[in-house]
Amino acid sequence: MSTIRLPEILQKAKAQILEEWVKQQMSGAGARADLIKDGELRKQSEEFLNNFQRSAQSGETENIQLPAWAPTLELIADLTRQRERMGFSPSETALFIFSLKEPLLAQVRAELKKDPEAAIEESMGISALLDKLGLYTTEIYQASREEVIRRQQEELLELSTPVVKMWDGIVALPLIGTLDSARTSVVMESLLQRIVETGSEIAIIDITGVPTVDTLVAQHLLKTVAAARLMGADCIISGIRPQIAQTMVHLAIDLSAVTTKATMAEALKTALARTGHRVVKDVVLKA
Amino acid sequence: MPTLKSEVQPVVTENDIVYVRQNVRKWAVEMKFSLVDQTKMVTAASELARNLLIYGGGGEVRLEQLQEGSRMGLRVMFVDQGPGIPDIEQALKDGFTSGKGMGLGLGGAKRLVTDFDIKSIVGQGTSITTTKWR
Numbered sequence: 001m002s003t004i005r006l007p008e009i010l011q012k013a014k015a016q017i018l019e020e021w022v023k024q025q026m027s028g029a030g031a032r033a034d035l036i037k038d039g040e041l042r043k044q045s046e047e048f049l050n051n052f053q054r055s056a057q058s059g060e061t062e063n064i065q066l067p068a069w070a071p072t073l074e075l076i077a078d079l080t081r082q083r084e085r086m087g088f089s090p091s092e093t094a095l096f097i098f099s100l101k102e103p104l105l106a107q108v109r110a111e112l113k114k115d116p117e118a119a120i121e122e123s124m125g126i127s128a129l130l131d132k133l134g135l136y137t138t139e140i141y142q143a144s145r146e147e148v149i150r151r152q153q154e155e156l157l158e159l160s161t162p163v164v165k166m167w168d169g170i171v172a173l174p175l176i177g178t179l180d181s182a183r184t185s186v187v188m189e190s191l192l193q194r195i196v197e198t199g200s201e202i203a204i205i206d207i208t209g210v211p212t213v214d215t216l217v218a219q220h221l222l223k224t225v226a227a228a229r230l231m232g233a234d235c236i237i238s239g240i241r242p243q244i245a246q247t248m249v250h251l252a253i254d255l256s257a258v259t260t261k262a263t264m265a266e267a268l269k270t271a272l273a274r275t276g277h278r279v280v281k282d283v284v285l286k287a
Numbered sequence: 001m002p003t004l005k006s007e008v009q010p011v012v013t014e015n016d017i018v019y020v021r022q023n024v025r026k027w028a029v030e031m032k033f034s035l036v037d038q039t040k041m042v043t044a045a046s047e048l049a050r051n052l053l054i055y056g057g058g059g060e061v062r063l064e065q066l067q068e069g070s071r072m073g074l075r076v077m078f079v080d081q082g083p084g085i086p087d088i089e090q091a092l093k094d095g096f097t098s099g100k101g102m103g104l105g106l107g108g109a110k111r112l113v114t115d116f117d118i119k120s121i122v123g124q125g126t127s128i129t130t131t132k133w134r
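Protein chains in written order, with our numbering: chain Z, 1 to 287; chain W, 1 to 134.
Don't take every hint at face value.
Stated by the list, open to error - No more than 27 Å apart at the CA atoms, straight line, and that leaves these computed lysine-lysine pairs for BS3-like:
hint	chain 1	residue 1	chain 2	residue 2
1	Z	K223	W	K93
2	Z	K23	Z	K101
3	Z	K23	Z	K37
4	W	K110	W	K32
5	Z	K101	Z	K114
6	Z	K223	W	K100
7	Z	K37	Z	K14
8	W	K26	W	K5
9	W	K110	Z	K223
These are computed hints drawn from the structure, not numbers from a lab. As the structure is a prediction and not an experimental result, all values here were calculated from the model.
Input sequences plus hints: build the corresponding full structure.
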């Protein structure tokens with residue numbers, strides 16, 4: 001495959017190629033007149049064609065990772081991100097590049113009319129090049145999606161570990177969801193931090209929202225309890241459901257060193273009693 | 001013993017352990033296991049899937065729904081091509097670990113299921129089959 005004539009063809013017939021390409025885009029499958037104005041589309045197409053020409057002049061059309069293609073790739077990345085925000089689908093964005101094939105190859109055919117062999121060779125080279133550039137748009141799409149997912153994961157990590165002050169000297173940590181190692185360390189850190197900030201003596205760790213308590217989760221819990229104890233705070237683990245209790249017995253997990261309660265209410269009652277509080281119910285005497 | 005349906009799931013990353021748990025729970029709920037049995041099965045699967053990843057270097061989990069006469073069984077198999085376990089009896093003992101865990105997972109998983117079968121060849125891998133009947 002070769003693209004020896006590409007720079008020359010671009011040089012000679014750029015205006016015509018641009019004209020046909022824009023027409024193609026406005027009438028073709030990827031046309032989204034609702035999302036982009038004709039003037040904007042023309043401007044982007046012209047900008048791309050200029051960059052494309054400059055990169056193609058290097059003669060290196062086999063490998064788009066070479067420095068000559070960097071400005072073009074950058075432009076594609078910008079356009080892709082812009083179009084993603086505007087609401088284009090990944091295929092519609094890729095079609096922006098792919099739709100350049102028809103007008104460009106038409107020029108190749110016209111130019112190399114006398115040498116069909118060379119025309120085929122040239123067409124294949126250009127086609128392969130535009131395929132690579134078109135696929136690059138989907139790569140950019142993918143990367144920006146992954147970025148969104150990563151950000152959401154981070155947000156979730158922080159969201160899901162609130163440490164709540166229950167009373168003077170009592171904090172609670174309601175755990176929800178899967179306790180993988182990344183989350184456990186965030187949980188442990190924020191709990192210990194809050195114990196210091198509030199000067200709490202008692203921390204209640206509620207595991208009602210943890211669907212599975214296996215040995216790894218238990219080990220994390222015990223480590224957190226030990227660390228809290230080193231800081232002078234006692235832990236109460238609450239929210240141990242019947243099925244979890246039975247499972248833990250079979251696993252031979254020893255929680256006898258920790259106070260455990262079935263519900264958060266029970267844990268709070270114990271914590272209040274230990275800190276010298278009494279909960280009294282008002283009795284209204286009827287006259 | 002007819003197998004009603006089966007599914008194979010790879011375990012290569014930490015997230016796969018979560019999928020194994022979710023899948024085992026889904027199957028156990030579909031087969032109408034009691035809440036306690038569901039939890040036991042899911043916990044055992046969680047332990048063994050983690051062992052598969054950490055000590056076996058990853059592998060496969062196979063779920064099967066079995067029928068034997070009038071009783072139904074959920075079988076979960078864990079297969080890896082890891083280093084194998086030199087001394088199975090010692091590995092099953094509570095408190096023994098070659099890693100950083102509590103050393104309760106393997107023995108605990110055995111106690112959580114009805115049938116537990118472990119085969120291991122050093123240098124070739126380990127295969128563990130767990131079944132719970134209802």
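Results for each hint:
Of the supplied pair hints, the one linking K223 of chain Z and K93 of chain W holds, its CA atoms being roughly 22 Å apart against a limit of 27 Å. Proposed proximity of K23 of chain Z and K101 of chain Z is supported: the alpha carbons are some 13 Å apart, at most 27 Å. A C-alpha spacing of about 13 Å is found between K23 of chain Z and K37 of chain Z, which places the hinted pair at or below 27 Å, so the restraint holds. The hinted pair formed by K110 of chain W and K32 of chain W meets the criterion: a straight-line CA distance of about 22 Å does not exceed 27 Å.
A C-alpha spacing of about 21 Å is found between K101 of chain Z and K114 of chain Z, which places the hinted pair at or below 27 Å, so the restraint holds. Restraint check for K223 of chain Z and K100 of chain W: satisfied, since their Cα atoms lie roughly 13 Å apart, inside the 27 Å limit. Using a Cα cut-off of 27 Å, the hinted pair K37 of chain Z and K14 of chain Z holds, with the two alpha carbons roughly 22 Å apart. Of the pairs offered as hints, the one joining K26 of chain W and K5 of chain W holds, with about 14 Å between alpha carbons and a cut-off of 27 Å not exceeded.
At roughly 25 Å between alpha-carbon atoms, K110 of chain W and K223 of chain Z fall within 27 Å of each other, so this suggested pair holds.
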